[in-house]
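If you read the protein sequences in the order shown, they are chains A and B.
Just so you know, the first sequence maps onto residues 1 to 80 in our numbering.
Just so you know, the second sequence maps onto residues 101 to 180 in our numbering.
Everything labelled a hint here was simulated from the structure, so no lab data went into it.
It is possible that some hints are incorrect.
[What the hints assert, rightly or not] Distance condition first, Cα-Cα at most 30 Å in a straight line; then the derived DSS-like pairs of lysine-lysine:
id, chain 1, residue 1, chain 2, residue 2
1, A, K65, B, K141
2, A, K65, B, K165
3, A, K11, B, K111
4, B, K141, A, K20
5, A, K41, B, K141
6, A, K41, A, K11
7, B, K120, A, K41
Below are the chains, spelled out letter by letter.
2 protein chains.
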Amino acid sequence: MARVVVDVMLKPEILDPQGKAVQGALPRLGFEGVREVRQGKRFELEVDGEVTEERLAQLHEIAEKLLSNPVIEDFEVHVS
Amino acid sequence: MARVVVDVMLKPEILDPQGKAVQGALPRLGFEGVREVRQGKRFELEVDGEVTEERLAQLHEIAEKLLSNPVIEDFEVHVS
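Isolated chain A, as found in the complex:
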């Protein structure tokens, strides 16, 4: 069994209101020096067996078709 992590973040050119809300709250709570905050999603998948090339291609397809919206989001697949 292997653990695979898929990180999904909004593309840099897409506005991120959730991130902006966090960023705006930080100085009010006394935290200075954070220039930008972006909020995205993290998926942890437990997959059967070894992560072969074929399996990895399938996981990329899952990330692209099910876990992210490729119009506005980028994703990264990490095997850990």
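Fit chain B to the supplied structure of chain A, relying on the hints for placement.
For chain B alone, coordinates are given in the frame of chain A:
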């Protein structure tokens, strides 16, 4: 300037309906062999200057107080 990533995931004992929904959709879309899916949040913070010990402590405080709900979520802070 440094980039800090905060990963926030539901504690293992907390049910994750979003993750379960993804998990349930996978076989219907023809993807077999994924045993479990958990969905969480990923924050990317750009902070001014170097990440000192003091700064890191402050980022842990931000993660605990603002980015996560410690009752139901665990978080990890990574400097990249």
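Check your understanding: Does the alpha-carbon distance linking K11(A) and K111(B) stay inside the 30 Å limit?
Key -> holds, 28 Å
Practice item. Decide if the proposed pair is consistent with the structure: K41(A) and K11(A), CA atoms, cutoff 30 Å inclusive. Key: holds, 12 Å
Practice item. Please work out if K65(A) and K141(B) have their alpha carbons no farther apart than 30 Å. Key: holds, 19 Å
Point to revise | Holds or violated: K41(A) to K141(B), with C-alpha atoms at most 30 Å apart | key: Status holds; Cα separation ~4 Å.
Check your understanding: Given the hint that K65(A) pairs with K165(B), does the C-alpha gap stay at or below 30 Å?
Key -> Between K65(A) and K165(B) the Cα gap is close to 34 Å, so the pair fails against 30 Å, i.e. violated.
Review point. Does the alpha-carbon distance linking K120(B) and K41(A) stay inside the 30 Å limit?
Key: holds, 15 Å
Review point. Under the criterion that the straight-line Cα-Cα distance not exceed 30 Å, is the pair K141(B), K20(A) satisfied?
Key: holds, 15 Å
Checked against the numbered hints given earlier, this structure breaks only hint 2.
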